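Single-letter residue listing:
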Amino acid sequence: MTARILIVDDESAIRRLVRGAAERAGHSVAEAGTAAEALVAARREGCELVLLDLGLPDRDGIELVPLIKAMDRAVIVLTARDATAEKVAALDLGADDYVVKPFDSDELLARIRTALRHRSAVDAGAMAIGSVSIDLPARRVTRDGQEVKLTRKEFAVLAELARHPDRVITHAHLLRAVWGDAHVEDIEYLRVTMRGLRLKLEADPASPQLLRNEPGVGYRLVG
Amino acid sequence: MNAAPRPSPDALLKAARRESRGQLKIFLGAAPGVGKTFEMLREGAERLKAGDDVVAGIVETHGRAETEALMAPFEVLPRRNISHGAHTLAEFDIDAMLARKPAVALIDEFAHTNAPGSRHPKRWQDIEELRDAGIDVLTTLNIQHVESLNDIVAGFTRVRVRETVPDAILDDAEIEIVDVPPDELIERLKAGKVYVPQEATRALGHFFSKSNLSALRELALRRAAQTVDRHLLDHVASTGDAGNWAAGDRILVAVGDQPGGDALIRAAKRLADALRAPWTAVSIETPRSATLSAAARSRMADSLKLASGLGAAIVTVPARNVFEGLTAHIIETRATAVVIGKSQRSWWFELRHGSVVDRLVRALDGVAVHVVPVGDVAASGDEMRSKRPPATRGTLAGLGFVALTTAIATGVQTLVGPNSIDLLYLLPVIATATLFGLRSSLIATAAAVLAYNFFFLPPLYTLTISDPQNVITVLVLLVVAVVASQLAGGLRQEATIGARTATENAALAAFGQRLAAVSDENGTAQAVCEDVADLLDVSTVLFARDGARLVVAGASPASPAIGPVDIAAAEWSFDRGEIAGRDSATLTASDWQFHPLETALGVLGVLGIARQTRGDPVPADKRLLFTTLLGQAALAHERLKLEANAREVSALQQRDDLRATLLSSLGHDLKTPLTAVVAAADALAAEHGASATTATLKAEARRLRRVFDDLVEMTRIESGALTVRREATDLTDAVAAAAQDLRAELARHRLVLDVPPTLPLVDADPRMLHHVLINLIGNAAKFSPVDTAITVQARRTPDRLTLAVLDSGPGFPPGEESRLFDRFTRVDGDDMTGGTGLGLAIVKGFADAMGLGVTAANRAEGGARFALVWPESAIRRPLKDGDAT
Chain A
1 MTARILIVDD ESAIRRLVRG AAERAGHSVA EAGTAAEALV AARREGCELV
51 LLDLGLPDRD GIELVPLIKA MDRAVIVLTA RDATAEKVAA LDLGADDYVV
101 KPFDSDELLA RIRTALRHRS AVDAGAMAIG SVSIDLPARR VTRDGQEVKL
151 TRKEFAVLAE LARHPDRVIT HAHLLRAVWG DAHVEDIEYL RVTMRGLRLK
201 LEADPASPQL LRNEPGVGYR LVG
Chain B
1 MNAAPRPSPD ALLKAARRES RGQLKIFLGA APGVGKTFEM LREGAERLKA
51 GDDVVAGIVE THGRAETEAL MAPFEVLPRR NISHGAHTLA EFDIDAMLAR
101 KPAVALIDEF AHTNAPGSRH PKRWQDIEEL RDAGIDVLTT LNIQHVESLN
151 DIVAGFTRVR VRETVPDAIL DDAEIEIVDV PPDELIERLK AGKVYVPQEA
201 TRALGHFFSK SNLSALRELA LRRAAQTVDR HLLDHVASTG DAGNWAAGDR
251 ILVAVGDQPG GDALIRAAKR LADALRAPWT AVSIETPRSA TLSAAARSRM
301 ADSLKLASGL GAAIVTVPAR NVFEGLTAHI IETRATAVVI GKSQRSWWFE
351 LRHGSVVDRL VRALDGVAVH VVPVGDVAAS GDEMRSKRPP ATRGTLAGLG
401 FVALTTAIAT GVQTLVGPNS IDLLYLLPVI ATATLFGLRS SLIATAAAVL
451 AYNFFFLPPL YTLTISDPQN VITVLVLLVV AVVASQLAGG LRQEATIGAR
501 TATENAALAA FGQRLAAVSD ENGTAQAVCE DVADLLDVST VLFARDGARL
551 VVAGASPASP AIGPVDIAAA EWSFDRGEIA GRDSATLTAS DWQFHPLETA
601 LGVLGVLGIA RQTRGDPVPA DKRLLFTTLL GQAALAHERL KLEANAREVS
651 ALQQRDDLRA TLLSSLGHDL KTPLTAVVAA ADALAAEHGA SATTATLKAE
701 ARRLRRVFDD LVEMTRIESG ALTVRREATD LTDAVAAAAQ DLRAELARHR
751 LVLDVPPTLP LVDADPRMLH HVLINLIGNA AKFSPVDTAI TVQARRTPDR
801 LTLAVLDSGP GFPPGEESRL FDRFTRVDGD DMTGGTGLGL AIVKGFADAM
851 GLGVTAANRA EGGARFALVW PESAIRRPLK DGDAT
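Chains as they are written, first to last, in the numbering used here: chain A, 1 to 223; chain B, 1 to 885.
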């Protein structure tokens, strides 16, 4: 899957190198060095995904996330800062993913693919991930063909993750969606429910391959 | 890096919604014909020139050539025909506009009502929908179409429009006034340049009068200013930068002694809220004030207290009378509106003194005078003039003077004859009038007239007057009595009030100076206590909060007698911000009466006062003074507190700012080239095929990153800048995430995870724990020979939970355990594996910060064992079933 990608970074060297990697993968690339340029370029016809560095000279990049999301573009945030609060803020504002600098080109391209794949609303139908298959409308989950009995909350959390496969869903998002606004802080609920899901779905619950933890940020269903 | 303060995601989302929504710009005019459409088109042309995609939706040129000429550059959206009865109406086509989706749409006549059958009944609703779709809209509006002004305009123009737009939409828009002086507009009208709809022609002559146009113009200007004010206020609210009022209305409420002052204050508060204006409660201290009863004084003090509680500033103005005091103060403070109670005085009083309201209205130009009916009339009469010397005493004295005069006159008559006797009788009348006032002097006058008549006027010893000249004598005596008593009474009152206000003002000024001079809290407290004790002749004590307890911060006289019930009353007063103790509603057993020092920062102290005689601690006539003193004391405390806060904050801020700037610029400066190195290596590999060289490049870049992260974290640990965010953590989760991140480093080892899923959750900072695990597991991988096992093992024991990392490396030299966690401690072999010597120091620093233990030991079977230990207090109880699932 190739797409038109906008690279927003104030360092031209980074833009050039990322452009190279993206073009080798068949994407077509536009560049912007400032927030102002980014907003203009992102609005242009055909742009599908924006790689957004947060350290821009004219404006905090995180403020652009909701603006670009409002244009219906996928957003992957590039950040030099390894601060969980920033990641959570970016995701809560609608970013599809984040990558911490320095990043591996292969990893970045993989994230781009994922973000593009799920740009269109995920069909809420059935999906199979490894030996697990999830049928959301039927509320049915099987592992190796065997039906798995999930509690209501377990299913709700799994469904929320499955709606955005490969994307980090923040703790707050999951808690709000499943337990309601009053329980946004009750991360314990989520921990207990995730543990239940791991035990029921993972081949080796101690080394989960399906339900990935992003410390301090959220969970990701690896699709 | 340090998380720099930034607005919450919610605030950003809101801002983004505002930003991604189309902007609305309204060209607002006072009347048709001012050139709104013209201005709109001109702005549209400018945007077009600037490269924006501008489309004309609806532009009513009304056949004006100059306007039509301006239309030329625009793409015009075709109208939609809607058949309505026999007519076909050409309406704005919202769907076409949405489909066309330009950057900017020009749509005339914001208040237009759409033809029946349109999507929205009103055009402004169409425009809202366009804005939702991200389209900027330029539009035009006449002021009479603004909903809140509709009535007002109809009131003076007698033309009512049915098409109105809600005010809220204006608040959200940028408003540009299109302004033309009334004379010029009338000229244009006469020249036929103004298009007027047929149905309005009749009303035209009236509508376009100069006075109407001026009024409309003013309304338009004010409305635009209001919108600007509101934007500013919203901005202030969102930035939290309060304290600066936009230029605009200032409201003043005149507080009197009449009952019902509360209603007056509330009315003023409502007005202030509606106008978002600051307001001041003014009491005018006149000579008459001195004669007020205790009840009236205390009513006045209560009103002022209520006003101050509702956010008003309190001012007392000494003046000869209410009218003069008020006007002077209004002019001085440039108040824009004054709220005053409808007078409850008798028509007789008003006839003599003039109605303050009437005179205010006449005297003040450009100030709105709001008259509020207040209270019941009955209450006030008996309370007036209680301070006048008792009338009976005056009457007796007056009669005595007259008797004395008669005695003297009888003696003198034989010497000078009867003709000058009448003059003698002026003396008792004037004396009584000056000393005892009008009523006594009138009685004295009557007595003097009778005595003169009886003893000296022929026929003697009767009360008949035969000579008409003598009638004049009697009348003159009466007039003298009235005039003299008025003059003397006024002088007497003015003198006392002047003296009293002067002493009080001097005392207040001195108080203010003393407070300004002291710069610490205890000094302030002591100054407050001493001055209040002096001025009110009471004992005082001031409590301030020290941690959880109230402590005596000042007292006069020193070492006051404070019992448990007094402390309780003081605490109640502090916590609730209400008066407590003696003569209050709460804990009246206390000898003290406690008054909270209320400030914008909350209650900062309580002032206790007590009177030796156990009477009311604050006599009614001192209430006003006391309220002012209390206010000043509170302000002084607030000032100190703010200063202290500011000092503390700025010192902390400077340190934090410096550190944050340093770390984040380091982060950027180092990670940017690192990113470039990694990407370049990838590029090399892609162009020339992957090689050992490119792999090394990438591995080294990754290692450099870890080194850098360690450095940053160490800096934070050292500077005490760590903020711990504890959350319930599943160790299985945490270990799995660390293993995932380390998969490259662990590629040549066997990782054995022995973390039972039945373990309880523990408290940990997710980011720190992740870093700790990376360091420990990474270390193990570094020191363990290839293909050996690295085990991560968690165990619950009765009083703790231990997470251990076991490796199969060489271990460390015995006795080094305690040094391992020091900075830059490197063990043999570290050189080859490239450690910084910081890794374990960070483990220790983070563990300490999270309240965890950390141990190191050599294993009997070879290799090292590093362990994190959670104490019982950091282990979560299992959730009750059903809470989570």
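Wrong hints could be hidden among the right ones.
[As the list claims (entries may be wrong)] Over 10 Å on every C-beta distance to chain A, these chain B residues come out as not near it, computed from the model: (1) I82; (2) F156; (3) N212; (4) T336; (5) P373; (6) G563; (7) A679; (8) T729; (9) D730; (10) D765; (11) L879.
[Unchecked claim] Partial chain A-side listing against chain B, Cβ under 8 Å, derived: (12) A13; (13) Q146; (14) A206.
Since the hints were made in silico from the structure, they are not lab data.
All values derive from a computational prediction rather than experimental measurement.
Where a beta carbon is used, it is the ideal one built from N, C-alpha and C, also for glycine.
*Any of the earlier hints contradicted here, and which numbers?*
7, 8, 9, 10, 11, 13
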